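Numbering (the working numbering), first residue to last: 5 to 135.
Just so you know, these hints were derived from the structure itself, not from any lab. Check the hints yourself; a few may be wrong.
[As the list claims (entries may be wrong)] Cut-off 35 Å, straight-line C-alpha distance, at most; resulting in silico cross-link-like pairs (DSBU-like, lysine-lysine):
hint, residue 1, residue 2
1, K73, K10
2, K10, K47
3, K47, K73
Please read these numbers as outputs of a predicted model, since none were measured by experiment.
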Amino acid sequence: MAQQRKHDPGRFCWVDLSTLDLDRARRFYTRVFDWGTIEVDSKGGPEYLMFAQDEMIVAGLSELDQELKSQGVPSTWNHYVCVEDADDCAARVTELGGRMVVPVMQVLSAGRLGFLQDPTGGALGIWEPGD
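Modelling step: build the complete structure from the supplied sequences, incorporating the hints.
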């Protein structure tokens, strides 16, 4: 069983690809980096895969939803920083002149995530680990 590293708050802790073509991206990255894939039980939600190498989970992969595709959103690698409390972090973001472009939301029992945009336009994910 592949394992995932644990990270302290304030450190980058996860990366995943939101892609226009899940199967094509999976074939590409598994061949480029010799990664395996693990299917995640998304409980009826969008398909989500994890890339793994040497029994260690290294990244995630999902397909952009149709609405984002129709808006011309390109395939994008998303980077996440671990936080102790996603709601507190989101409040600090807005207090400091940023905004939450994706509000904090629950991701099954895995944790909670959101996406912020800083005052200069930079985007970044936040991740509050769950169980």
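query: Does K47 pair with K73 here, judged by a C-alpha cut-off of 35 Å?
result: 23 Å, holds
Straight-line Cα separation of K10 and K47 no greater than 35 Å?
-> 24 Å, holds
Given pair status - K10, K73, alpha carbons within 35 Å: The hint holds at about 32 Å.
Consistency with the previously given hints is maintained throughout, with no hint failing.
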